[in-house]
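Those protein sequence lines, which keep their order, are chains A and B. So for the first sequence, the numbering used here puts the first residue at 1; every next one is plus one. So for the second sequence, the numbering used here puts the first residue at 597; every next one is plus one.
Heads up, a few of these hints could be off.
As the list claims (entries may be wrong) - As a list, the in silico EDC-like pairs of lysine to aspartate or glutamate whose alpha-carbon atoms are at most 20 Å apart:
1. B:K660 - B:D688
2. A:K589 - A:E566
3. A:K145 - B:D604
4. A:K334 - B:D604
Since the hints were made in silico from the structure, they are not lab data.
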Amino acid sequence: MPNYKMSLLCCGGTGCRASESVRIVERLREEIAAAGMDNDVQVVVTGCFGFCEQGPIVKVIPDNTFYTNVKPEDAEEIVKEHVVKGRKVTRLLYEDPDTQKHISDSKHMGFYQKQLRIALRNCGFINPENIDEYIARDGYEALAKVLQGTPQEAIETVKKSGLRGRGGGGFPTGLKWEIASKSPGKEKYVVCNADEGDPGAFMDRSILESDPNSVIEAMAICGYCIGASKGLVYIRAEYPLAVKRLQIAMKQARDYGLLGDDILGSGFKFDIEIRYGAGAFVCGEETALIHSMEGKRGEPTVKPPFPAVSGYLGKPTNVNNVETFANIPVIFLKGPEWFASIGTEKSKGTKVFALAGKINNVGLIEVPMGTTLREVIYDIGGGIKGGKEFKAVQTGGPSGGCLTKKHLDTPIDYDNLTAAGSMMGSGGMIVMDEDDCMVSVAKFYLQFTVDESCGKCAPCRIGNKRLEEILDKITKGKGTMEDLDYLKNLSKVIKDTALCGLGQTSPNPVLSTIDNFYDEYVAHIVDKRCPAHKCRALRVYAIDPDRCKGCTACARACPAGAIKGEVKQAHVIDTEKCIRCGACLEKCKFNAVTVQ
Amino acid sequence: MSKIKSLDELRQMKARLESQMDIREKSNNPEKLVQIRVAMATCGIAAGARVVMNAIIERVEREKLPVIVTQGGCMGYCYAEPTIEVKRPGEDPVVFGHVNTDKAMEIIDKYVLHGELVDGILPVNYQTIEKN
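Work the whole structure out from these sequences, hints included.
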């Protein structure tokens with residue numbers, strides 16, 4: 001294999017592939033070949049760089065030039081100018097939004113400066129389809145070291161690191177492994193939960209797409225610790241690229257003897273199978289996940305017995321989430337003390353978040369626990385889109401809650417987020433601005449839960465439906481103040497009585513929006529007004545007679561014939577006939593149409 | 597593909613594979629390494645800059661030197677091509693002119709590795725706006 005003098009790293013994550021990154025790679029290779037430099041310059045398809053907002057990304061190594069928003073037709077210029085002549089293509093560099101200066105090196109971008117990448121250490125750096133690149137970065141060394149010691153020693157290491165489950169629950173990982181290892185039984189299972197279902201979350205997908213070997217290595221370590229020889233990855237079939245890369249990595253690991261019989265000459269036997277999920281949200285709950293893998297309906301059952309005692313096929317089973325596993329090899333390579341030195345008192349290490357919503361830098365980030373929401377949203381996320389006002393951030397998906405301005409300086413960790421009425425969840429962060437209606441947001445999450453409820457227990461099946469109906473009533477301006485109390489009471493009943501995590505947490509978006517945005521609910525109910533003008537039924541359109549030129553554009557656009565007026569005279573909207581579609585607002589060139 | 601049988605074998609394999617990743621690893625921390633920038637504009641290439649750059653890269657790889665080699669555009673010293681700019685960590689960059697392969701090796705032996713200046717330094721006659 002030649003030693004290349006230059007590398008072009010091109011993002012091959014799902015987001016950038018959707019923007020033709022596969023074509024960019026082809027074009028770059030063609031241009032390099034045309035320049036006769038294919039022995040000197042290598043094009044590497046990597047996983048996600050995280051900066052999805054600016055994708056597709058092409059990074060030139062060794063000078064660390066970070067090109068953003070690259071299109072296939074830019075390949076020629078990148079190769080002819082940068083690769084051949086050493087001149088950077090300035091127009092493709094990232095432009096700092098504050099100073100309007102071009103930044104060439106990703107290290108100097110606000111987006112990357114506050115990040116600490118442990119689980120994402122190889123994302124955007126190695127080719128996920130080549131195990132050699134993982135091995136070159138200390139891959140499988142943690143497994144080899146663990147195999148030289150006893151399972152108990154390895155479990156101690158994980159316990160000492162303070163790692164907690166990254167899927168949302170935050171249960172100490174070392175303790176979970178210990179319980180599974182102490183459970184009697186010859187046959188045990190390691191399960192990787194890759195059933196990522198929160199709206200707006202893509203942490204696990206990106207890790208599997210960018211660095212599948214880190215998860216495979218960690219599962220083997222876990223297998224050795226608890227005494228399992230079989231691992232299962234439960235992944236949704238909607239993640240075809242992650243599945244493909246995982247399959248490639250598993251095959252390569254088997255070829256090297258890193259999976260299979262007699263791993264690394266130690267006598268330890270471990271292999272992994274993939275199980276596909278149909279994309280039901282409830283299957284992220286571990287008991288439902290196990291039933292789904294067994295071929296049964298994806299319905300949760302009461303715990304105890306915990307899976308560590310009786311899980312897959314009734315055998316002791318350890319279930320961890322993708323991101324949790326991705327942290328494991330680093331803990332063994334750098335030591336548990338190092339890992340425990342990062343983060344807060346009770347939450348160690350880092351957390352990956354998927355930033356989405358009304359934020360400038362949509363993307364995948366990893367920060368030390370204890371970083372404040374302000375740092376995440378403003379320093380890394382680049383603030384709110386279009387210079388609007390920050391209103392709330394939803395963490396923890398449909399199980400979480402909304403955090404507001406007053407929480408901006410709260411250090412992010414499991415306990416602080418719970419205390420603030422939300423939860424860590426798996427790491428989705430949806431940012432909302434002044435144009436978002438919080439009652440509608442709560443309704444959106446409830447609709448999601450109603451769709452995804454498995455229907456086994458009455459509180460979740462019926463209770464959530466009732467919550468959704470009341471919220472719908474409020475957004476239509478038909479709510480009463482009694483409805484608010486009813487919402488709160490019903491929420492508490494559902495939380496106390498639902499069978500599994502889905503139902504126990506589904507009222508959280510309702511409760512947290514009532515807590516933090518009580519005035520907004522009151523405005524909907526008493527004033528019949530939606531402050532964010534989102535709720536269609538509550539909008540009142542009017543025409544400002546001083547601004548109206550009588551051009552008749554609105555009257556012609558109105559599908560309900562609700563606008564009357566003579567040419568060159570101010571028009572008027574008949575609110576009785578108005579169906580609140582907003583067509584007049586879009587058509588008016590004089591800003592004469594207003595919404596209340 | 598042969599199986600890896602022990603931690604030692606894994607480490608040997610890693611040592612072999614590492615060099616392929618070397619330029620990526622180094623580019624993670626460029627400020628801690630000596631950076632050599634070879635001027636590779638048309639005039640530089642015509643004067644033999646590519647041969648010089650390849651010689652430098654080969655030596656850096658062979659001896660695993662803490663050096664990162666990049667190419668630059670025209671530096672404006674057309675009379676002195678090929679030119680290379682060497683920046684030792686924490687020091688100001690120094691530009692050498694009329695660099696052929698032998699001269700490049702001398703620069704690596706003396707200046708890059710030990711900070712001893714050699715003949716052929718071009719006086720700095722510009723300021724960069726990045727520093728301001």
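Against the structure, the hints come out as follows:
| no. | hint | verdict |
| --- | --- | --- |
| 1 | B:K660 - B:D688 | violated (24 Å) |
| 2 | A:K589 - A:E566 | holds (17 Å) |
| 3 | A:K145 - B:D604 | holds (10 Å) |
| 4 | A:K334 - B:D604 | holds (19 Å) |
Taken one by one, the earlier hints fail for this structure only at number 1.
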